[in-house]
Amino acid sequence: MCEIASNLTVKEYRFGRDEEKGDRNDQPRELVVMIPEVLDPQYGMYVWPCAVVLAHYIWFHRKLVCGKRVLEIGAGLTWGHVSPSLLTLAPVDLILGSDVFFEPEDFEDVISTVHYLMEKNPHAQFWTTYQVRSANWSIEGLLYKWEMESTCVPLQSFEANKEQLAGSSLPGMHTIQMMVISKKINK
Numbered sequence: 001m002c003e004i005a006s007n008l009t010v011k012e013y014r015f016g017r018d019e020e021k022g023d024r025n026d027q028p029r030e031l032v033v034m035i036p037e038v039l040d041p042q043y044g045m046y047v048w049p050c051a052v053v054l055a056h057y058i059w060f061h062r063k064l065v066c067g068k069r070v071l072e073i074g075a076g077l078t079w080g081h082v083s084p085s086l087l088t089l090a091p092v093d094l095i096l097g098s099d100v101f102f103e104p105e106d107f108e109d110v111i112s113t114v115h116y117l118m119e120k121n122p123h124a125q126f127w128t129t130y131q132v133r134s135a136n137w138s139i140e141g142l143l144y145k146w147e148m149e150s151t152c153v154p155l156q157s158f159e160a161n162k163e164q165l166a167g168s169s170l171p172g173m174h175t176i177q178m179m180v181i182s183k184k185i186n187k
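Letter by letter, the sequence shown follows residues 1 to 187 of UniProt numbering.
Fair warning: there could be bad hints in the mix.
To be verified - Derived DSSO-like pairs: lysine-lysine, alpha-carbon spacing no greater than 30 Å straight-line: (1) LYS11 - LYS63; (2) LYS162 - LYS68; (3) LYS183 - LYS145; (4) LYS120 - LYS63; (5) LYS183 - LYS68; (6) LYS162 - LYS120; (7) LYS63 - LYS162; (8) LYS68 - LYS184; (9) LYS120 - LYS11.
If you're looking for bench data, these hints aren't it; they were derived computationally from the structure.
Quick caveat: nothing in here was measured; it's all calculated off a predicted structure.
Construct the complete structure from the given sequences, taking the supplied hints into account.
Structure follows, in structure tokens:
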């Protein structure tokens, strides 16, 4: 981490270090991502614990992602509203959303937006991570309503069941879950 101003830092995240031997030339594979953050109590511009877990999943499955058309919906999207740019969006294979299930009153708007994208892209998957904030919150009923289904992805299946990932202190002690959501296949 590099501090630039009193409330601005640049954090470094390293994916792949010490995780695999390397390629045919025995060169270690590593991705370094540097992200500027503004430390603000209003939640603004910093990396949340779920983002590092989702990024780790993408890195772990990078061969599946290669060549895919990816849409990230966690930043700057108005949930539940179809904008002109959303109507003209190119086809997508993967939809990514980190910690988009933050407030229960927004859950259906998030699901309906993903549903719209999947109507246009029936084979697309929504990869999402979320922080467990209450045992009473669930999206299962909404998935049923919008004819979608989810598969929970155990963090240990992609070596993310740790308090520290990508050379950072994230996700820390937070309880993070990962799931893949898709359109329900009618049989």
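Index of numbered hints that the structure contradicts, given in increasing order: 6 and 9
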